[in-house]
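A.B. asks: So the chains spell out like this:
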Amino acid sequence: MGKVGIIGVGQSAFVRGYPGSIRELAFEGFKEAMLDAQISTREIDASIICSAPEYDKQRSPAGVFAEYLGLTPQPTFYLESLCSSSSTGLKVAYSLIKSGLHDVVAVVGFQKMSEISSAESQERMGRGADIQWESPFGTMMPAYYAMYANAHMAKYGTTPDDLARIRVKAATYGQINDKAVYRKPVTFDMFSDPESPMSGPVASPLRVGDCCANADGSSCVLVAGEEKAKALSKKPVWILGIGAASATVNLAGRDLFTGLTVGQEAGEQAYKMAGVTPKDIDVAEVHDCFTIAELMAYENLGFAKPGEGKDLIGNKETYKEGSIPVNVDGGLLSKGHPIGATGGSQLRTIVLQLRGEAGEMQVTDPEIGLVHNIGGVGLYGNVTILGR
Amino acid sequence: MGKKREIDDRFKRFGTVSFTSTTKVNDFISHLDEGKVAGTKCKDCGAVFFPPRADCYKCLTSDMEWFDVSGTGKLVSYSKLEYAPVGFEGDLPYCIALLDYGDYKVFGRLAGDLTPEGVEVGMEMKTVVNTLPNGQVNYVFEKA
Ligand SMILES: [Zn+2]
Numbered sequence: 001m002g003k004v005g006i007i008g009v010g011q012s013a014f015v016r017g018y019p020g021s022i023r024e025l026a027f028e029g030f031k032e033a034m035l036d037a038q039i040s041t042r043e044i045d046a047s048i049i050c051s052a053p054e055y056d057k058q059r060s061p062a063g064v065f066a067e068y069l070g071l072t073p074q075p076t077f078y079l080e081s082l083c084s085s086s087s088t089g090l091k092v093a094y095s096l097i098k099s100g101l102h103d104v105v106a107v108v109g110f111q112k113m114s115e116i117s118s119a120e121s122q123e124r125m126g127r128g129a130d131i132q133w134e135s136p137f138g139t140m141m142p143a144y145y146a147m148y149a150n151a152h153m154a155k156y157g158t159t160p161d162d163l164a165r166i167r168v169k170a171a172t173y174g175q176i177n178d179k180a181v182y183r184k185p186v187t188f189d190m191f192s193d194p195e196s197p198m199s200g201p202v203a204s205p206l207r208v209g210d211c212c213a214n215a216d217g218s219s220c221v222l223v224a225g226e227e228k229a230k231a232l233s234k235k236p237v238w239i240l241g242i243g244a245a246s247a248t249v250n251l252a253g254r255d256l257f258t259g260l261t262v263g264q265e266a267g268e269q270a271y272k273m274a275g276v277t278p279k280d281i282d283v284a285e286v287h288d289c290f291t292i293a294e295l296m297a298y299e300n301l302g303f304a305k306p307g308e309g310k311d312l313i314g315n316k317e318t319y320k321e322g323s324i325p326v327n328v329d330g331g332l333l334s335k336g337h338p339i340g341a342t343g344g345s346q347l348r349t350i351v352l353q354l355r356g357e358a359g360e361m362q363v364t365d366p367e368i369g370l371v372h373n374i375g376g377v378g379l380y381g382n383v384t385i386l387g388r
Numbered sequence: 001m002g003k004k005r006e007i008d009d010r011f012k013r014f015g016t017v018s019f020t021s022t023t024k025v026n027d028f029i030s031h032l033d034e035g036k037v038a039g040t041k042c043k044d045c046g047a048v049f050f051p052p053r054a055d056c057y058k059c060l061t062s063d064m065e066w067f068d069v070s071g072t073g074k075l076v077s078y079s080k081l082e083y084a085p086v087g088f089e090g091d092l093p094y095c096i097a098l099l100d101y102g103d104y105k106v107f108g109r110l111a112g113d114l115t116p117e118g119v120e121v122g123m124e125m126k127t128v129v130n131t132l133p134n135g136q137v138n139y140v141f142e143k144a
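Going down the list, the protein sequences come from chains A and B. Quick note, the first sequence lines up with residues 1 to 388 if you use our numbering. Quick note, the second sequence lines up with residues 1 to 144 if you use our numbering.
Hints were generated in silico from the structure; no laboratory data involved. Among the clues, some could well be false.
Claimed, not checked - Now the in silico label distances, taken between C-beta atoms and shown as ranges:
#, chain 1, residue 1, chain 2, residue 2, range
1, A, Leu101, B, Cys59, 34 to 44 Å
2, A, Ser118, B, Leu132, 24 to 34 Å
3, B, Leu132, A, Glu54, 25 to 35 Å
4, A, Asp255, B, Ala144, 21 to 31 Å
5, A, Ser118, B, Thr131, 44 to 54 Å
6, A, Asp280, B, Ser70, 44 to 54 Å
7, A, Pro19, B, Ala144, 47 to 57 Å
Unchecked claim - Calculated cross-link-like contacts (lysine to aspartate or glutamate; reagent style EDC-like; alpha-carbon spacing at most 16 Å):
#, chain 1, residue 1, chain 2, residue 2
8, B, Lys74, A, Asp255
9, B, Lys24, B, Asp55
10, B, Lys126, B, Asp91
11, A, Lys320, A, Glu367
12, A, Lys155, B, Glu120
13, B, Lys24, B, Asp63
Unchecked claim - Non-contacting residues of chain B with respect to chain A, defined by C-beta distances greater than 10 Å in every case (computed):
#, residue
14, Arg5
15, Asp8
16, Thr16
17, Asp27
18, His31
19, Glu34
20, Gly46
21, Cys59
22, Gly118
Idealized CB from N, CA, C, for every residue including glycine.
When you get a sec, could you build the whole thing from the sequences and use the hints?
C.D. replies: Structural data, given as structure tokens:
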């Protein structure tokens with residue numbers, strides 16, 4: 001069986017209050033990917049439309065998008081795994097191609113979070129947890145991750161300062177990413193300055209600065225079988241490994257609270273399939289919906305030993321010049337987190353890095369990159385390893 | 001015209017806002033009314049479940065009995081919320097938390113008079129039934 005490659009990547013700018021409809025938003029990421037791949041819509045055999053449901057009035061957006069993107073009469077369908085929807089889309093595209101059913105598949109991710117109010121959005125996201133047994137206590141995404149942060153702090157002595165350093169890094173790169181929703185610098189001192197919005201408490205120990213920015217956005221990844229990829233593209237990036245896992249939705253069913261088992265398990269699968277180890281990764285995108293999530297990802301992916309994630313950021317090893325650059329596009333924290341578009345945007349960043357086209361954010365000559373994309377509170381985990 | 005079937009929607013009384021009304025473990029609410037927080041135990045394999053389940057995925061049977069959550073559990077973690085989802089604003093500030101009882105864990109809230117300053121990970125706590133101002137019922141964790 002041949003390899004499967006990515007032949008085109010695109011994303012819209014991630015913004016607050018996108019001034020258009022969801023089909024127009026999806027077109028932006030799709031257009032960039034099509035111009036990147038230099039192919040026509042006739043080459044695309046199927047499309048997978050990925051987002052977290054319940055933000056839109058439109059039911060079954062796949063058909064609407066297929067029409068607007070010029071992808072009829074080819075098959076299309078909708079797919080979701082919350083914040084990891086478009087990574088799951090990539091996995092399904094991979095299997096559709098590997099099975100021989102299709103040669104080229106478009107994975108389109110989108111989310112227009114501003115369709116509803118911020119409070120409503122929090123409530124929708126909260127309903128990605130256990131609505132029967134947890135939501136009646138008034139849970140929210142930041143509070144769940146805050147529980148992981150408190151457990152990590154109690155076991156390993158991690159501090160809010162360690163978490164603040166992760167946000168400072170994210171903002172360093174958000175400033176130079178013209179697709180990012182948050183372009184402003186964030187300094188370490190802002191977290192202790194009561195006048196700064198960054199210091200505002202959200203769910204202890206997480207503060208405003210520890211939380212990702214909601215945004216509207218879209219992404220698109222064009223995936224092709226080896227023969228087709230070589231014929232259509234001068235610079236395909238190959239999928240070397242794919243892993244995915246799930247965990248219990250109710251925290252009561254879990255045993256680990258200092259890390260996400262789905263990240264560990266998906267990572268192990270992807271490393272094994274790719275035949276590489278954490279040391280081989282030259283650049284990574286990890287799911288930093290909250291600062292603690294990035295710190296746990298360092299440890300769950302083997303970039304640091306359990307409890308030593310704080311040293312990795314403390315020594316700036318995850319900066320562009322460090323031993324394992326992570327989220328050098330601003331991450332979810334500064335680039336923004338339009339749920340269904342996020343995985344595709346992470347994949348785009350790594351593809352551009354491996355092609356040497358990441359501009360100011362470019363890491364020196366990376367050969368192997370990794371994408372870690374989590375859905376819900378460690379409910380779904382997806383890890384993808386890409387290579388030139 | 002037949003008589004309208006009565007719907008057992010006791011579960012809509014769970015928590016500040018319940019998102020579920022009918023479930024096969026509605027007796028959970030009646031147990032709360034009697035002052036007991038209860039989980040279920042599979043009569044076939046003995047597996048214990050909290051939150052309670054109507055069905056055992058190990059045996060594929062639904063022959064369950066209730067057991068009371070009793071004794072103390074260790075505080076696994078907690079967080080104090082400064083913002084709340086729609087419908088919970090009046091409860092602020094409050095702390096969500098998780099207790100480990102060994103055979104099972106219980107997700108809930110700290111008692112209203114407890115703050116993060118007054119608790120620490122690993123401390124022993126107990127689960128007690130709590131009636132909310134709006135007449136709804138839940139349970140909270142108190143120091144043991
Ligand atoms: Zn059983």
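A.B. asks: None of the hints should be skipped; say for each whether it holds.
C.D. replies: Hints, one by one, checked against the model:
1. Judged by the Cβ atoms, the range 34 to 44 Å given for A/Leu101 and B/Cys59 holds: they are separated by roughly 38 Å.
2. Between A/Ser118 and B/Leu132 the CB atoms are about 25 Å apart, so this pair conforms to the stated range of 24 to 34 Å.
3. The hint said 25 to 35 Å for the Cβ distance between B/Leu132 and A/Glu54, and at roughly 27 Å that hint holds.
4. Checking the proposed 21 to 31 Å range against A/Asp255 and B/Ala144 shows it holds: the Cβ atoms sit about 22 Å from each other.
5. As the Cβ distance of A/Ser118 to B/Thr131 is approximately 31 Å, the hint placing it in 44 to 54 Å is violated.
6. A hinted range of 44 to 54 Å holds for the C-beta pair A/Asp280 and B/Ser70, which are about 51 Å apart.
7. Between A/Pro19 and B/Ala144, the C-beta spacing of about 56 Å keeps the proposed range 47 to 57 Å intact.
8. Of the pairs offered as hints, the one joining B/Lys74 and A/Asp255 holds, with about 13 Å between alpha carbons and a cut-off of 16 Å not exceeded.
9. Restraint check for B/Lys24 and B/Asp55: satisfied, since their Cα atoms lie roughly 9 Å apart, inside the 16 Å limit.
10. For the hint linking B/Lys126 to B/Asp91, the alpha-carbon distance of about 21 Å lies beyond 16 Å, and the restraint is violated.
11. Between the alpha carbons of A/Lys320 and A/Glu367 the distance comes to roughly 15 Å, so the proposed pair stays at or under 16 Å and holds.
12. Only pairs whose Cα atoms come within 16 Å are accepted, and A/Lys155 paired with B/Glu120 is accepted, the gap being roughly 11 Å.
13. Between B/Lys24 and B/Asp63 the CA atoms are separated by roughly 12 Å; this keeps the pair inside 16 Å, and the hint holds.
14. Distance to chain A confirms B/Arg5 as a non-interface residue, since its nearest Cβ pair spans about 22 Å, more than 10 Å.
15. Non-interface status of B/Asp8 relative to chain A is upheld: no Cβ of that chain comes within 10 Å, the nearest being about 15 Å off.
16. For B/Thr16, the non-interface assignment is contradicted: its Cβ lies about 6 Å from the closest Cβ of chain A, within the 10 Å cut-off.
17. Non-interface status of B/Asp27 relative to chain A is upheld: no Cβ of that chain comes within 10 Å, the nearest being about 14 Å off.
18. No beta-carbon of chain A is positioned within 10 Å of the beta-carbon of B/His31; the least distance is around 14 Å.
19. The beta carbon of B/Glu34 is kept farther than 10 Å from every beta carbon of chain A, the shortest such distance being approximately 19 Å.
20. Against the 10 Å criterion, B/Gly46 stays outside the reach of chain A, whose nearest CB is about 18 Å from its own CB.
21. Separation of B/Cys59 from chain A is adequate, the least Cβ-Cβ distance of about 18 Å exceeding the 10 Å criterion.
22. The beta carbon of B/Gly118 is kept farther than 10 Å from every beta carbon of chain A, the shortest such distance being approximately 13 Å.
The structure does not agree with the numbered hints 5, 10 and 16 stated previously, though it agrees with the rest.
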